[in-house]
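Protein sequence lines, in the order shown, are assigned to chains Z and V. When you line the first sequence up against full-length UniProt numbering, it's residues 1 to 451, in that order. When you line the second sequence up against full-length UniProt numbering, it's residues 1 to 148, in that order.
Everything labelled a hint here was simulated from the structure, so no lab data went into it. Some clues are possibly wrong.
Stretch by stretch, here's where chain Z covers chain V in the computed footprint (C-beta under 8 Å, at least three residues) [unchecked claim]:
id: 1; region: 13–21
id: 2; region: 33–47
id: 3; region: 64–76
id: 4; region: 100–106
None of these values were measured; they are calculated from a predicted model. Ideal Cβ placement from N, Cα and C applies to all residues, glycine included.
Chain by chain, the residues:
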Amino acid sequence: MTGFGSFVAASAASGMLVVQPRMGMGDPARMRKGLLATRSAAATTVGTITLDSYTRLGETGAARRALTAGEELNGYPITVHPPGTTRGMLAGVMDDGFPVQVRHGSALPEAIFALLPALGLHASEGGPVSYCLPYSRTPLREAVRSWRRCCELLVAARDGSRAAAEPHMETFGGCMLGQLCPPGLLVAISVLEALFFRQAGLRCLSLSYAQQANAGQDAEALAALGRLAGELLTGTDWHIVLYAYMGVFPQSPGGAQLLLDEAARLAVRSGAARLVVKTTSEAHRIPTVAENVLALETAAAVADHERRAPPGGRATADTGVYAEARALVDAVLGLSPDVGEALVAAFAKGYLDIPYCLHPDNAGRTGSRLDADGRLHWSSVGSMPIRPEPAGRGTSIGSAELLDALSYVRRTFDERAFDLSAVSRPPFRGFGEPPSRVPLPDNQQDGAPLP
Amino acid sequence: MPMGISARAGRDIVVSGTLSDAHTWNLVFLELLLRERGHRVTNLGSCVPDALLVAECRRRRPDLVVVSSVNGHGFQDGRRMISEIRGCVDLERTPVVIGGKLGIGGADDGSRETILRAAGFNRVFEEGATGLPEFLDYLESLESEVLL
Ligand code: B12
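Between the sequences and the hints, there should be enough to build the whole structure, so can you do that?
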């Protein structure tokens with residue numbers, strides 16, 4: 001068996017954390033350079049083609065107009081470039097030793113999935129919930145239908161050819177809205193989407209979880225995710241993928257780097273097989289290739305260091321993440337033998353309810369808060385079948401309070417970076433001005449090594 | 001209460017994302033900010049097709065339309081959106097502003113703002129250039145304007 005999943009499994013077996021960028025450019029030549037730079041980075045890497053926002057929404061006309069007018073796209077318009085162009089872009093880059101995943105954030109991705117087999121691509125990510133609620137106004141029921149057909153397309157490609165690689169699908173459910181979603185719900189949605197994929201015939205999966213604001217809580221959540229996957233995903237090959245923080249990022253390069261370092265350590269300690277990195281320009285703009293390579297290489301170095309470190313003393317405390325996730329999963333699965341139907345019913349009943357999510361199919365009766373240590377708590381559980389927290393105070397929150405919670409991680413890591421460099425730096429005056437435009441000259445942007 | 005801002009100047013405001021932009025924290029934040037200042041807010045959410053925005057504006061006749069985009073396509077989506085709005089006689093003079101992160105390469109050097117204003121936006125509040133303080137000043141000027 002070849003493919004994305006087996007590459008990650010083989011790397012894990014030899015003790016290597018696979019690191020992966022979030023990368024996508026409108027221009028095929030630049031996309032190719034980005035993939036080549038990822039491939040040759042000093043790290044165990046897999047490649048990423050991130051699609052642009054127009055392609056994600058099926059607005060190919062707008063994507064084509066932008067390309068023709070030479071305007072900037074925030075990703076690769078895979079349905080606009082002719083298939084031959086994409087095959088050429090990948091030729092000599094993608095192979096068994098360097099699998100490439102398509103990441104897209106599309107609620108109705110049939111046009112995208114229909115293309116993948118002919119392009120030699122077999123790995124993607126998302127899910128009917130995680131690519132619908134945070135990414136579209138599409139009714140959840142339609143997204144479920146579309147995602148089921150997409151899984152069928154991948155399965156048909158696999159079963160139709162002996163040479164086909166085993167299709168790989170990753171859940172994005174561990175990442176809902178990027179921030180301020182308590183981990184029990186993230187773990188539950190990640191597992192439920194994996195069960196949806198399995199029911200649709202896929203057998204090589206990964207389950208995502210995004211770093212939140214407290215390393216101890218994250219370690220507990222990753223352990224809960226692994227335990228639930230082990231209990232429920234029988235008959236599949238799966239691994240866990242950790243995302244470096246997906247919320248408001250530190251503004252200083254030092255703060256961003258410290259946050260990325262923490263993600264790499266968390267991945268190793270918690271047994272994740274793959275880490276999706278961010279870069280030091282996350283808070284400001286789309287990163288350059290060089291910044292991505294630097295993020296991959298530093299993450300690999302930190303992971304390597306962590307692996308050699310003596311096993312840490314602190315055991316992961318059980319604050320109830322597993323129990324909460326298990327209760328949510330069981331309640332949802334009890335609604336229908338069909339996982340897709342169960343998910344639709346669960347949102348309609350408010351059994352699953354994402355805090356701060358504006359999508360019309362989300363009940364919007366839950367609220368969350370961060371405590372002084374960055375741990376996420378429910379301030380209101382709405383109709384979810386879990387225990388309300390004693391300190392719950394409802395869902396109402398002011399704009400300043402919201403910004404404060406959204407900026408907790410940014411603030412913490414920017415301050416930490418400042419403290420570390422306080423001796424050698426002029427007094428702290430805040431991070432008022434973000435760095436100016438792309439700071440690297442053109443040749444470096446396209447992946448030349450950093451000085 | 002200082003001059004009873006909310007009673008005197010509460011306005012009908014439409015907050016909207018753009019066609020291609022899925023981000024919503026920006027929209028949630030802006031809605032809260034405007035409500036706290038006593039305005040009545042309709043939040044259209046993310047991924048808003050141009051036609052939906054125009055239809056909602058024609059129906060509601062808002063005193064202000066606040067467009068927010070951070071995904072890097074705001075410069076393109078914004079120009080298309082404003083030409084649809086200005087192309088509609090009912091909405092020729094409705095105040096419409098845009099803000100966020102409008103390109104993919106970092107802060108604006110002023111050229112995006114010039115083009116967006118020429119295309120019909122009343123004001124442009126891009127992160128790193130003109131930000132929230134300027135927006136609040138602008139709101140205040142609207143708040144104190146006497147509605148005819
Ligand atoms: C959370 C997040 C997400 C979540 C969003 C969940 C959701 N439903 O909202 C998820 C994971 C789903 C996501 C997806 C994507 N994201 Co995103 N995301 C972020 C992130 C990390 C934080 C944004 C946030 O929550 N901010 C909090 C809110 C309150 O603040 P804000 O949005 O920054 O807005 C502030 C100001 O700009 C201002 N403001 C905003 N609008 C307006 C309007 C007016 C009138 C005024 C006055 C002020 C104003 O007010 C706010 C408070 O100061 C940012 C990076 C960062 N900032 O750290 C990237 C970021 C915005 N995402 C980005 C991108 C590109 C995407 C994707 C296209 C995927 C990709 N290619 O990486 C998709 C979107 C798909 C689509 N169709 O658009 C880029 C945009 C690049 C750019 N502009 O140069 C960023 C900057 C990351 C990066 N460096 O690449 N994302």
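Tested hints:
Counting residues of the region 13–21 of chain V whose C-beta sits closer than 8 Å to any C-beta of chain Z gives 3, which meets the bar of three, so the coverage hint holds. Under the rule that three or more residues need a Cβ within less than 8 Å of chain Z, the assignment of the region 33–47 of chain V holds, with 6 such residues. Taking a C-beta to C-beta cut-off of 8 Å, the region 64–76 of chain V contributes 5 residues in contact with chain Z, enough for the three needed, and the coverage statement holds. Coverage of the region 100–106 of chain V by chain Z holds [criterion: at least 3 residues with CB-CB distance below 8 Å; count 5].
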